[in-house]
Every structure is written in C-alpha cells, then in structure tokens.
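These protein sequence lines map, in sequence, to chains A and B.
Each residue of the first sequence is one higher than the one before, starting from 1 at the first, in UniProt numbering.
Each residue of the second sequence is one higher than the one before, starting from 1 at the first, in UniProt numbering.
By construction, these hints were calculated from the structure, which means they are not laboratory data.
Every residue gets a Cβ at the ideal spot worked out from N, C-alpha and C, and that includes glycine.
It cannot be assumed that every hint is accurate.
Said to hold, decoys possible - Some residues of chain A that are not near chain B, with every Cβ distance over 12 Å (derived): (1) Trp45; (2) Pro57; (3) Asp193; (4) Gly226; (5) Arg242; (6) Ile247; (7) Asp306.
Stated by the list, open to error - Quick list of the computed label-pair ranges, beta carbon to beta carbon: (8) Ala331/A <-> Arg153/B: 41 to 47 Å; (9) Ser143/B <-> Ile377/A: 35 to 41 Å; (10) Ala391/A <-> Ala317/B: 55 to 61 Å; (11) Ala325/B <-> Arg160/A: 55 to 61 Å; (12) Ala149/A <-> Pro156/B: 26 to 32 Å; (13) Arg157/B <-> Glu161/A: 41 to 47 Å; (14) Arg160/A <-> Ala317/B: 43 to 49 Å; (15) Gly256/A <-> Ala292/B: 40 to 46 Å; (16) Glu161/A <-> Gln141/B: 43 to 49 Å; (17) Arg250/B <-> Pro257/A: 42 to 48 Å.
Protein chains: 2
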Amino acid sequence: MSAQFRRADGARVLADLNALRAFGRYKTGVHRPTFSEAHRQSLSWLAERLPDAQLTPTIDGIGNVLGTSAKPGPKLLAGSHLESQNHAGWLDGPLGVIYALEAARVLNPDPSIPGAVEVASWCDEEGHFGSFLGSRSYVGQVSEADIDAARDRSSPRSMREALTEMGLAGRPRLQAERGRHIGYLEAHIEQGDTLEHSELKIGIVTSIVGIWQYRIVFAGEQNHAGTTRMAVRKDAGLALARFCVAIDARFPAACGPRTVWTTGRITLDPGAPSIIPGRAEMLFQIRDDDPAVIARLEQLLHALADADSASGSCQIAVERIRTGAPAMMDAAFQDTIEAASRDLAGGRSLRMPSGAGHDAQVLATIMPAGMLFVPSIGGVSHHWTENTADADIVTGADVFVETCRRLLADAASIIPQAG
Amino acid sequence: MSAQFRRADGARVLADLNALRAFGRYKTGVHRPTFSEAHRQSLSWLAERLPDAQLTPTIDGIGNVLGTSAKPGPKLLAGSHLESQNHAGWLDGPLGVIYALEAARVLNPDPSIPGAVEVASWCDEEGHFGSFLGSRSYVGQVSEADIDAARDRSSPRSMREALTEMGLAGRPRLQAERGRHIGYLEAHIEQGDTLEHSELKIGIVTSIVGIWQYRIVFAGEQNHAGTTRMAVRKDAGLALARFCVAIDARFPAACGPRTVWTTGRITLDPGAPSIIPGRAEMLFQIRDDDPAVIARLEQLLHALADADSASGSCQIAVERIRTGAPAMMDAAFQDTIEAASRDLAGGRSLRMPSGAGHDAQVLATIMPAGMLFVPSIGGVSHHWTENTADADIVTGADVFVETCRRLLADAASIIPQAG
Numbered sequence: 001m002s003a004q005f006r007r008a009d010g011a012r013v014l015a016d017l018n019a020l021r022a023f024g025r026y027k028t029g030v031h032r033p034t035f036s037e038a039h040r041q042s043l044s045w046l047a048e049r050l051p052d053a054q055l056t057p058t059i060d061g062i063g064n065v066l067g068t069s070a071k072p073g074p075k076l077l078a079g080s081h082l083e084s085q086n087h088a089g090w091l092d093g094p095l096g097v098i099y100a101l102e103a104a105r106v107l108n109p110d111p112s113i114p115g116a117v118e119v120a121s122w123c124d125e126e127g128h129f130g131s132f133l134g135s136r137s138y139v140g141q142v143s144e145a146d147i148d149a150a151r152d153r154s155s156p157r158s159m160r161e162a163l164t165e166m167g168l169a170g171r172p173r174l175q176a177e178r179g180r181h182i183g184y185l186e187a188h189i190e191q192g193d194t195l196e197h198s199e200l201k202i203g204i205v206t207s208i209v210g211i212w213q214y215r216i217v218f219a220g221e222q223n224h225a226g227t228t229r230m231a232v233r234k235d236a237g238l239a240l241a242r243f244c245v246a247i248d249a250r251f252p253a254a255c256g257p258r259t260v261w262t263t264g265r266i267t268l269d270p271g272a273p274s275i276i277p278g279r280a281e282m283l284f285q286i287r288d289d290d291p292a293v294i295a296r297l298e299q300l301l302h303a304l305a306d307a308d309s310a311s312g313s314c315q316i317a318v319e320r321i322r323t324g325a326p327a328m329m330d331a332a333f334q335d336t337i338e339a340a341s342r343d344l345a346g347g348r349s350l351r352m353p354s355g356a357g358h359d360a361q362v363l364a365t366i367m368p369a370g371m372l373f374v375p376s377i378g379g380v381s382h383h384w385t386e387n388t389a390d391a392d393i394v395t396g397a398d399v400f401v402e403t404c405r406r407l408l409a410d411a412a413s414i415i416p417q418a419g
Numbered sequence: 001m002s003a004q005f006r007r008a009d010g011a012r013v014l015a016d017l018n019a020l021r022a023f024g025r026y027k028t029g030v031h032r033p034t035f036s037e038a039h040r041q042s043l044s045w046l047a048e049r050l051p052d053a054q055l056t057p058t059i060d061g062i063g064n065v066l067g068t069s070a071k072p073g074p075k076l077l078a079g080s081h082l083e084s085q086n087h088a089g090w091l092d093g094p095l096g097v098i099y100a101l102e103a104a105r106v107l108n109p110d111p112s113i114p115g116a117v118e119v120a121s122w123c124d125e126e127g128h129f130g131s132f133l134g135s136r137s138y139v140g141q142v143s144e145a146d147i148d149a150a151r152d153r154s155s156p157r158s159m160r161e162a163l164t165e166m167g168l169a170g171r172p173r174l175q176a177e178r179g180r181h182i183g184y185l186e187a188h189i190e191q192g193d194t195l196e197h198s199e200l201k202i203g204i205v206t207s208i209v210g211i212w213q214y215r216i217v218f219a220g221e222q223n224h225a226g227t228t229r230m231a232v233r234k235d236a237g238l239a240l241a242r243f244c245v246a247i248d249a250r251f252p253a254a255c256g257p258r259t260v261w262t263t264g265r266i267t268l269d270p271g272a273p274s275i276i277p278g279r280a281e282m283l284f285q286i287r288d289d290d291p292a293v294i295a296r297l298e299q300l301l302h303a304l305a306d307a308d309s310a311s312g313s314c315q316i317a318v319e320r321i322r323t324g325a326p327a328m329m330d331a332a333f334q335d336t337i338e339a340a341s342r343d344l345a346g347g348r349s350l351r352m353p354s355g356a357g358h359d360a361q362v363l364a365t366i367m368p369a370g371m372l373f374v375p376s377i378g379g380v381s382h383h384w385t386e387n388t389a390d391a392d393i394v395t396g397a398d399v400f401v402e403t404c405r406r407l408l409a410d411a412a413s414i415i416p417q418a419g
C-alpha cells in the first residue's frame, strides 16, 4: 500500500502560498477584500497556474475560478477562496486553494491515477458582498436579482460596479454539472487552538456548525444627559450592557460543550456623549451543530428579554435574522482523511466540528463533502497575525494529496471509467 | 412698585417662537443644525426683527447675531442660540432669544427705562462644529486656527466651507467690549422635570454644572466568533458591558444628590457579527457642580478599571478628555429673578443648578451672569417632542422682561449714565 502514496512538494506549496501573500500584503498578513486589485491579481495568478495541473481555467461571471480536466475517470472537486477579511491572515482561504492545486499537479498528470482533481476558488467566502456568493452561485442558489442587490459592506460600491471593474461583467456563471464530481474536499486552517493544545496535526471535520444570528433592540427614552435625573432615566445603552452580562451569566448552564456566542456589534442611538441613548441595538450570534441546543438558548434569550422588559425601564425585542442549519460532512470522506493521517501524519488527527462557516457547507447541499484542518498558531484567526508552522502546512498538504488519491481510487473501483 | 412693572406681549412671543419653528420644521420640533439653510434663515429673521427694538443688527464672521443699542444708560446683554440639535425641540435656544428680543422691544423704546437690552444669538451652542464656538469667540477664546480646524460632526464639511456657504467668510468677529454690559441674562427650558413635578414656573439657576468626559478603552483580543472557545476569549465588548453595569452599581453610593453620569457612545472594533471584538471604547460623562464629588467618582472609575484589568481578560484604560469647571451665577441676578418671580409668577420659583451647559457659563467668565428656566413638559429635551405649555412660556417672558427692567434700574441707580 505505501508504495502507492503520493506526497506533496512541500517547498512548492510554501512558495505558492508566499506568492499569493504578496497580493495585498499587510504586515505579516494580507488585506485582499473581494474584488480589490489584489484580489483580481490573485485570481489571475491562480488561473495561470492551473494548466500546470492539466486543468483548463475559467474565471466566471461572479469571480469563481474553476480548473476543469479532460482526463477520463472520476473527478474530485477541491478548493477554497482567495479573498481575505480586511487586514487578516495569509492562509485563510489560500491554504485550501494551494492544497487543491498541489493535489491536481501531483495526481492529474499521473496516468496510473484514475481520474483527476478539479480546482476551485470560490468568490467572496468572506462575505464582503454577501454570504458565500461564489459557491452558492455554483450550486444554483444565487439569482441575477441577488447580484443586483449586493453591495460592498465597507464601501458604497455595488457588486455590479465591482464586477465591471474586475472585467467580469457579462460573463456566464459556472453551474455545477450534476453527477460530474464524486464530492468536494476543502482544507483550511483550524482558526482555533484545539489542535495546537493537543499537539495534533490534522482536524477531520465532522460537521460545520449552523449560525443563528439575532438583532436585539432596546427601546428606552432619549433625553438630555445633564438635566435628566438618574432615577427617571430609561437608558437603552445601560439596558443593553445589563443584557450582555445576563447572557454571560445564564448561557453556560444551558449551552452545549462547544457552543459559542458573540456580541459583535453595538450601536447606541443617537450615539452622542451628551444624550442618553433612547435606542440601542446589538448583533448577537450563536453557533452550534445541534439544533436542540440552539432552540434551548433561543428560548432563554427570549425569557431574559421578557423578564427585563417587564421589570426594567426599557423594552427589549429579540429578532432572529439568520438561521443556519449545520452541514454534516460525508462519513466516507472523514474515514479517508483519517486513514491518510494515520499514514502521513503519524495518526495525530482528531474528529471535530467546524465552528466557522466554509464553502464546503454549500457544496455539501449537492454532493458528498469533507474538510480537513491544520493547526493555527495560538488559535488566531481573522487577524493579520494568523499563522501556521511551515512543517504543519507541509504535513497537511501530504495528507490532502493522499486523501484525494484514495478518494479517486475508491471511486474508480466502483464507477466505470468514462471516455 | 407694581406700577413700574413691564410685561411681555405674550401673543407676540408665541407668534415669534412659532415663526422660528417654521425654519427646519421636523414633526412638532425642528431640525436646524448649525449653518444649515434653516439656520441661515433663522439668523436673517432675527436680524430683521432687531430694529423693532431699536437695535442695530450685525451677523458676524462666526455666525453670532448681535443687536446693539445707541440708547444712553446701562446695557444688559441677553440671548441664547437659534440652531438646534438634530431632529430636536423648537424651544431649546429660541426661547431665550425671543425673550431677549421681547425685553428689548418692551424696554428699549421706553424713555422712562434707563438703558437698554442688547440681544445676542450665539452660534453653535449645540456643538455641531465645536464647543460654544460663538460665545467663546465673543469673549476672545477662539483663534482663527480653531476655526480652521473645526469640522461638522455629522458631515465632511469644514467650518470654513460652511461659513463660505453662509456668506459669512471674511467678516470680522465681534468681541466683547469690556465694561459695556452690566451682565448677561439667559432664559432656557429646564430640560428636566423638577419644575413640572413641583408645579413651579421659574427655575433660578445657581450654577451651571461642570462636565467631565472620559474615553474608556478596553483592550482584548480580536478573534473568530465561530472557532474561539468561550473559555479562552478576551472579549473587549463583554468587558465594556460589565464595566457599565459595575458603574451603575457602585456610583450611587459615591455620588452627590444631583450627580448624573452617562455612557453616550459605544464602539466595538471591528464591529462585525462574526468577529470577537478585540477593542471596545465608550464615551462616559459625569456632571456635577461640586468638583469634590467629581474627584471622588473619578477615583472610583480608575479603581474599577484597575480591578477589572487585574482580574479580567482585558486591559481597561480611563482617559479624561474634557474637564469642565462649574460656573457660578451672579447672586444679585439670582435675587432679582426671584423678586420678579414673586411679583409675576406667584413666587413659584426654585433655585437650582443647571445640569446642561449654556452660553451663560462662557459669558460668566467676563461679566456677571444669570439664567432662568421655564418648565419642560415631561422633562423631555434634545428630542422633537420637547415642549413647554404656552401659559408657562408667557409667564417666563413676563418674569424675564421684569428682571431686565430691574437689573437696568438697579444699575442706573449706581452707574452714572453715559452719552
């Protein structure tokens, strides 16, 4: 069996990741928002590399890059994304794209390997214009009206204007060809510290947690900060602060072992130093892979709001604005990653859910999907200091290439080869 | 004595206030920010009314309107402001200007009254471009460099650009002529509910409280809201919420009887729903007329911050960004308002500090100053629903006119008449 292993060219993987890092470099990370000049350069760079893997590149009308193979046999789709969060890390996205490119370069030209890896870079996974627009377009979930409505979250630019600036306006959008792929494989940095803390090298993703998001609005009474006695105030900002502290006190007894919750944004209205806020709003998010846990926490959230509304000076309204079903990863993909880890990472792997969203959850709606993680130093994510040790990047690449080989071999043994 | 009383023309006062309300009308209030078209119209309107009071109008290079009198005898300066907070009340500012105009109309043409009331509308008391820029310019506290640096808080417009649009660029700025005025009198709505609750009609301001303002910064660690376990988070937003709740718990035992404190603005950085805030900031304000109380509360603020920094996951820094000394109102002015209230408001007056800042605190740095309040319905302020009963407006105008008459008479009895 060991004679069949295929390994990555570790130096080539690291060189490619560093080449991408140059597009929009920011300190040790990158600033490469969707449809920025740096993003455009990274897409062109990838398209130019794909022929090395005997793939024909296409950049489609929503900024997806896809490399397709004419090789007979099963096709495995693999990839991730190339844009970044603002002033964020160099590996979040590119790692998965370069692993896919490397697997394609190693496996596709080899006539002893049945079938091919096809490489994808999904546009805007990071959500500058929407939510997984590129992968959702590929699986048929994005309409032209959705694109008409999409706007850059940090500039007044519309998505249509951005597509025109990128030279992509009017291009057709690629759609998944049903039955073409045996599945989708994506690698990513863990973005947490579980692997590092346990001295493990590979995370085998069991599920991608759902994200439930809430807008919580506190209605008090706007008034003058100098003339309104403390006793008669209806301070919406203070009510919000109390609510955050109450969540922090009550959620731990009701949550699951890996539930996380976050208040990411707070707005006081009108937000002036001399005015008691009459209205306050917070964006609140809960993530878990167990809908029963979410249901319990959502009930608690409403109970806290009702109790505070009844006893306090402000009215609190909880509105769910995003409901995310968790996505389960394919069991055979998990087993294959585990087997490859046993052979090429000393078995130092762990099955774990993904707390972050990934394009794999979108692809999982139309084909079997799997994901593997490599360790993140200090668990840092969405910050320019995000990093992974070079040795861990190379180990991950070896496991990824070998997982692709096994998935193709397994498929070839049961699927009649075409062409 | 009663034969000498002068009363306001109540219908004229109400008509004038309603005329001003038409400039920038918003629901039952006004939206008349500094140097808006509505503001420009209100300044012109006032300048056109001043000759009715035998005053010569000037609109100066910072947007102050001043009516000066050639009448011999003592001069009393009186006024307030005409711009409003955004979408705010119709009386906050205009009441004091129209009272001053009415006193001047009643007293100046009357040859039996010694001296005259001079009317001022101070620009930007509401702080759209700075802090009391108009009155501070008049007393010599604003440099050309200050104006160069001033910017609109709710638009990208500089103060220079705004002055040019208003047709005021290049005009000289009026400066107080030392010794010209026996003092400054200003009327204002109370902006609180003390008078209404006590069924009183006139507030006699004893002092204008100082405002101490703080920027409190919470430094945690920015991270991914899906992948970072609750146990290892350093959530700056949660630390801020806890701090607000701690202030609310600890301040009441350390404050004075009329101290107020307010968190008017909260910012989480980066402020995205899927990112744990690594930094949070709040603008915090304390008002009192006793510096000893402020010193005690400031010490408590630092103690809370130090304790939380030592025990919690975030570092908290407290920075004082504004120090406001309280301004004492002149004792003789207070006595005169009280005497006039006894005769024209049935004695239903109360001595009280002002929790809000007013131009009177600036004028008080160069001349005796006094202020009187009329009731605010429900204590509402800085909101378009702010209001005062018509009868209370008229009572206030009577007391104001009579206070002016007595102040001029008292001054004439001890000052040799000029001219």
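Hints broken by the structure, by number, lowest first?
The structure breaks hints 3, 4, 5, 6, 8, 9, 10, 13, 15, 17; every other hint is satisfied.
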